[in-house]
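Now for the letters of each chain:
There are 4 protein chains.
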Amino acid sequence: MIKVAVIGATGYAGAELVRILCGHPNVRLSLLTSRQYAGKSFEDIYPSMRGLVGLTCQSYSTERVCKQADVIFLALPHKVSMGIVPDLIAAGKYIVDLSADFRYSDLSLYEEFYQLHIAKSLIDLAVYGLSEVNTEAISSSKLIGNPGCYPTSILLPLIPLLKEGLIEPGGIIADAKSGVSGAGRAATLTTHICQVVESFKAYKVTSHRHTSEMEENLSKAANNDVKLTFVPHLLPMSRGMESTIYTRPKAGISSDDIRSCLEDFYNKRHFIRILQNGDIPDTLNVRGTNFCDIGFHLDLQRGVLIILSVIDNLVKGAAGQAVQNMNLMLGFEESVGLMAMPFPI
Amino acid sequence: MIKVAVIGATGYAGAELVRILCGHPNVRLSLLTSRQYAGKSFEDIYPSMRGLVGLTCQSYSTERVCKQADVIFLALPHKVSMGIVPDLIAAGKYIVDLSADFRYSDLSLYEEFYQLHIAKSLIDLAVYGLSEVNTEAISSSKLIGNPGCYPTSILLPLIPLLKEGLIEPGGIIADAKSGVSGAGRAATLTTHICQVVESFKAYKVTSHRHTSEMEENLSKAANNDVKLTFVPHLLPMSRGMESTIYTRPKAGISSDDIRSCLEDFYNKRHFIRILQNGDIPDTLNVRGTNFCDIGFHLDLQRGVLIILSVIDNLVKGAAGQAVQNMNLMLGFEESVGLMAMPFPI
Amino acid sequence: MIKVAVIGATGYAGAELVRILCGHPNVRLSLLTSRQYAGKSFEDIYPSMRGLVGLTCQSYSTERVCKQADVIFLALPHKVSMGIVPDLIAAGKYIVDLSADFRYSDLSLYEEFYQLHIAKSLIDLAVYGLSEVNTEAISSSKLIGNPGCYPTSILLPLIPLLKEGLIEPGGIIADAKSGVSGAGRAATLTTHICQVVESFKAYKVTSHRHTSEMEENLSKAANNDVKLTFVPHLLPMSRGMESTIYTRPKAGISSDDIRSCLEDFYNKRHFIRILQNGDIPDTLNVRGTNFCDIGFHLDLQRGVLIILSVIDNLVKGAAGQAVQNMNLMLGFEESVGLMAMPFPI
Amino acid sequence: MIKVAVIGATGYAGAELVRILCGHPNVRLSLLTSRQYAGKSFEDIYPSMRGLVGLTCQSYSTERVCKQADVIFLALPHKVSMGIVPDLIAAGKYIVDLSADFRYSDLSLYEEFYQLHIAKSLIDLAVYGLSEVNTEAISSSKLIGNPGCYPTSILLPLIPLLKEGLIEPGGIIADAKSGVSGAGRAATLTTHICQVVESFKAYKVTSHRHTSEMEENLSKAANNDVKLTFVPHLLPMSRGMESTIYTRPKAGISSDDIRSCLEDFYNKRHFIRILQNGDIPDTLNVRGTNFCDIGFHLDLQRGVLIILSVIDNLVKGAAGQAVQNMNLMLGFEESVGLMAMPFPI
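Chains as they are written, first to last, in my numbering: chain A, 63 to 407; chain B, 63 to 407; chain C, 63 to 407; chain D, 63 to 407.
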């Protein structure tokens with residue numbers, strides 16, 4: 063049985079990892095760490111899992127982690143991850159890092175939007191963990207930079223269309239909306255129910271750091287410099303993310319072309335569901351699941367292809383895709399441990 | 063593989079049954095019926111399950127059901143069930159009926175609160191499916207009257223205390239609160255988000271039909287006539303039920319006595335979690351699960367024992383307990399198919 | 063005291079009219095009609111107003127309305143309004159119609175998206191009631207076609223920019239989000255709290271009828287044919303509407319130009335608040351008010367001007383603007399009766 | 063024009079005071095203080111009121127307050143108020159204190175549940191500001207201890223019934239539920255939307271400090287020692303409070319007796335609405351208003367009188383009642399400034 067650790071287990075992404083890994087048939091959750099809650103039972107912090115986890119949070123120590131785990135999930139703030147990854151790699155561990163530290167190929171981009179990188183030598187080893195896109199590279203890697211939630215929902219539909227040249231690389235707009243869990247467990251005015259439950263608003267208009275993560279990957283797919291206009295918004299709910307993406311189809315492209323392109327690209331991939339024409343993705347339908355539901359509408363009169371994409375920001379947008387990436391790295395079926403049936407409502 | 067049918071599969075309890083049964087390792091979901099949606103794919107009605115169910119809703123026919131299923135779940139309106147159960151019993155099927163039709167031992171009570179009973183001869187065969195309380199009887203029965211959601215949350219803590227004589231049978235008050243899914247999928251003003259999302263209110267004050275269901279079972283436990291004051295309220299959320307129950311402890315009873323009684327009674331039963339002193343049950347912690355979390359507080363100064371009990375009204379309060387009862391009837395471990403890890407939030 | 067009637071008083075827009083008009087110092091609410099609730103006290107249907115309205119809903123009759131009211135608000139389904147307006151006009155009444163029937167100058171547009179028009183002769187009398195834009199025409203009219211909610215939130219920021227030629231008329235995209243009250247009081251699956259409270263999704267992608275209403279008015283402002291890409295979405299809350307609008311600024315336009323244009327156009331108009339740079343409109347801040355808060359962000363690198371606009375869909379998007387239009391028609395200060403202080407949360 | 067100050071203006075109760083006082087025709091809001099936001103414009107903190115308040119938050123100084131205001135509202139944490147009230151009283155000001163510091167007649171009770179009192183000499187001057195109950199005393203006082211939100215919703219229906227001897231003073235149970243705004247604006251896990259939006263739970267079971275405040279006032283009304291069992295719960299919404307109260311009617315008491323008692327006691331008081339038999343109070347109907355809606359149900363079979371009471375915890379439960387008390391102190395009609403029409407939804 064493969065032993066797995068979650069570093070930073072008490073944030074929302076960490077706790078979601080615990081949920082999924084506890085139910086994973088091929089691994090054993092062996093270690094949880096938490097700076098804030100070291101010495102406390104995980105179940106006291108997330109009482110929904112009372113009686114089901116049985117682990118006490120530890121403080122982080124490379125030695126302990128290396129001794130107790132084969133696969134290590136890092137659910138830490140940006141910058142902290144890259145401080146500890148080198149030792150773990152040196153110890154031969156499999157790593158899925160949920161921070162931004164290993165998502166970029168172009169370090170200058172990372173350093174522009176985050177900070178100086180302190181583990182540059184590992185960048186070439188790291189694979190961007192967009193599971194259905196970089197499957198092969200992930201399968202032969204031991205260090206995954208797990209994608210951000212917005213990038214996951216936006217890149218999944220766009221990459222095939224750009225690769226196949228069905229849409230123009232210029233002028234793409236992504237209007238995205240996220241549940242508040244994306245802001246994490248820290249208590250702030252932004253997460254205070256009285257400030258958000260009757261509220262809808264944009265934030266970080268065109269200045270969200272995920273923009274650079276998306277532009278790097280879109281540019282690779284298009285083999286061309288792609289600039290993305292990205293406006294995130296905050297939804298008055300806990301989980302769920304929707305992206306409405308406006309693109310310009312190349313001349314002569316039909317709705318069938320779009321469909322074929324997406325269906326061929328995601329052929330037989332369990333977690334991508336391309337909806338029938340007219341069906342509209344709803345965050346409710348992917349709540350708690352690792353699915354990405356994608357719909358689209360081609361408006362030839364206005365020359366616009368509108369793509370609609372929904373995920374659960376904590377699952378496909380974080381912990382679920384992380385486990386999917388572990389499955390790929392370890393040679394398991396990619397869906398193992400991620401097949402809990404979706405709720406009807 | 064045992065074949066299972068859900069009759070009335072497109073209401074919320076029916077759809078929740080589909081969710082659970084699709085993930086159940088020992089059975090195969092073979093038939094769904096729906097009056098309203100006959101001929102339609104179930105996945106079109108509940109698109110969260112796209113690609114996962116693969117069944118078209120059928121109209122009901124006894125012949126078809128008997129041919130295609132060994133175990134039959136009835137998620138039908140009260141009164142409809144008892145019209146079709148006799149034929150199914152005659153065909154030797156296992157039946158879990160989620161309506162009130164087979165919940166009562168005392169037919170006069172049923173007829174007072176519902177209507178004339180038209181399958182009286184079956185009453186003696188039927189077992190009230192409160193899984194942890196009537197385990198043995200359920201295990202040897204083929205006809206289960208599955209409890210209502212309010213009764214489940216209120217009877218589970220009260221029955222042991224009444225059986226052991228730790229509380230007075232008189233003057234019990236249950237102040238209960240339910241998410242709107244308990245009202246079903248029918249679109250009414252009561253379920254309109256604009257009427258309920260900013261609203262909290264009682265309804266059917268002392269006149270809810272579940273009162274009689276509870277009084278019958280409490281009286282059996284107490285071996286005495288028990289009258290219950292029951293006030294249900296509607297919560298501005300989808301799933302979840304909390305009951306705050308006010309009782310009078312017998313003289314000399316301590317907090318430890320209460321704890322021992324509950325822990326002994328539910329010793330080793332997976333789905334009942336008796337919380338530590340001071341911990342307070344929260345509907346969030348049982349959302350989507352078959353758990354019933356129970357806490358209590360003994361106020362000796364005021365002579366009151368306050369019991370707090372939470373369930374998910376659609377799972378332990380309906381579909382989950384129904385599957386647990388099927389497990390018991392068929393000799394499976396009671397938790398099979400019901401072990402999906404709870405969400406942290 | 064001017065006597066006012068609300069026809070169709072028990073839908074959400076109608077009830078909101080009742081709320082506002084009851085608190086209006088210059089008018090007296092004299093008549094309410096309702097097909098569904100004729101003979102019932104209005105306060106029984108909206109018990110928040112118990113003791114404050116004192117009117118029984120009547121069935122509609124032109125005679126009664128003409129006798130009892132000087133100003134008539136029509137909060138009726140599209141198509142019904144135009145059947146009764148001619149008689150009311152003939153009787154010399156002031157009319158604010160909240161349906162689409164008198165919003166269009168170009169009847170062929172109306173007939174393409176709604177149905178045959180049966181009061182064509184009145185089209186020339188009718189004024190499109192976008193209060194701050196058509197102020198003069200409204201002030202001298204007796205028949206107002208009150209704008210839709212989406213058009214109000216989208217036209218208010220766009221019209222000045224198009225009129226002044228600061229943005230390109232081509233390629234405008236409006237990604238709009240509305241609370242569920244916009245769907246009205248009818249109980250449907252779409253409004254069922256369990257279907258929407260955990261849900262976010264687009265609907266009527268590029269096919270919403272408000273598109274034509276907006277295109278007509280944008281084209282007038284631009285003096286040019288404007289095509290709008292419009293995607294509405296449904297928010298899991300009761301009230302509030304946000305539109306994120308993507309436009310292309312003309313060459314050389316600066317952020318200051320945009321600001322000056324908007325501030326000059328709405329100079330001294332109480333209900334339009336142009337936010338400071340960096341401030342982001344939030345539906346919470348306009349809940350229950352007649353305000354439209356507008357913010358914008360110019361991204362020169364990507365050549366995009368992003369405009370953010372929020373209103374309360376039932377107030378500025380319906381009943382509030384209707385009363386504002388009445389104020390203009392009758393020569394009152396436009397804000398009379400609409401000055402209730404906004405809630406902090 | 064009477065000048066009014068709000069001390070602690072940026073908490074939720076303080077901001078609600080600002081909202082109401084800005085719209086009050088007889089007073090002028092002249093000073094706001096805030097420790098946290100001194101020097102900042104109030105409108106930047108509560109942008110819903112942009113353009114409507116025009117005041118910058120000041121730090122507190124007795125001199126400034128005394129110079130700039132005749133009436134002073136204190137929306138401060140318990141304990142802070144009593145430190146500054148003596149100077150304000152000495153300066154002859156009218157004071158409404160929203161903390162607990164001046165709510166108790168029996169100082170030992172206050173000191174048991176809060177802390178040592180440091181302004182004991184003022185206790186005899188202070189009047190408990192339950193507006194409809196202590197009207198006369200309030201009208202001739204200059205120092206009001208404004209009631210807590212739970213006590214307001216629970217005392218209003220109980221006091222008349224205890225005074226008239228219609229119910230037993232023993233065994234009263236209040237099961238109360240509050241929106242999260244009652245927890246204040248401080249960002250904590252308890253107010254994090256992800257922890258509460260899908261959650262319902264009790265808290266401080268029998269240990270909430272409001273219990274002692276209620277017991278003191280119930281005992282006065284009953285002229286007898288009254289012990290109250292009080293369990294508060296947290297609702298997944300912003301505003302609103304409901305209390306379901308279980309009492310035992312005296313022998314021979316009828317439903318008409320209860321009605322007469324309540325109607326006579328609150329005869330002609332604008333903000334108390336006694337509902338008709340069968341009507342059930344709903345927090346939605348009092349949202350944003352100063353109303354307390356009261357319903358009741360007498361169950362003779364079980365010997366229980368159930369009372370249902372709803373308020374908006376921030377209005378009648380805090381700022382609204384505070385302004386009502388100011389009106390009484392200053393000899394205004396009690397409803398001045400509090401008459402904004404309720405929203406239909």
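Hints may be right or wrong, so weigh each one.
[Claimed, not checked] Straight line, CA to CA, 30 angstroms or less: simulated DSSO-like cross-link-like pairs of lysine-lysine:
id, chain 1, residue 1, chain 2, residue 2
1, C, K330, A, K289
2, A, K266, C, K266
3, B, K266, D, K266
4, A, K266, C, K65
5, D, K141, D, K65
[Said to hold, decoys possible] Stretch by stretch, here's where chain A covers chain C in the computed footprint (C-beta under 8 angstroms, at least three residues):
id, stretch
6, 340-347
7, 368-377
[As the list claims (entries may be wrong)] Residues of chain C placed beyond 12 angstroms of chain A at every Cβ, according to the derived structure:
id, residue
8, G233
9, R271
10, L297
11, S300
12, E304
These are calculated hints, taken from the structure and not from any lab test. Values in this document were obtained by computation on a predicted structure and should not be read as measured data. By construction, the Cβ of each residue, glycine as well, lies at the ideal position given by its N, Cα and C atoms.
Report the numbers of all earlier hints that the structure fails to satisfy, in ascending order. 1, 4, 8, 10, 11 and 12
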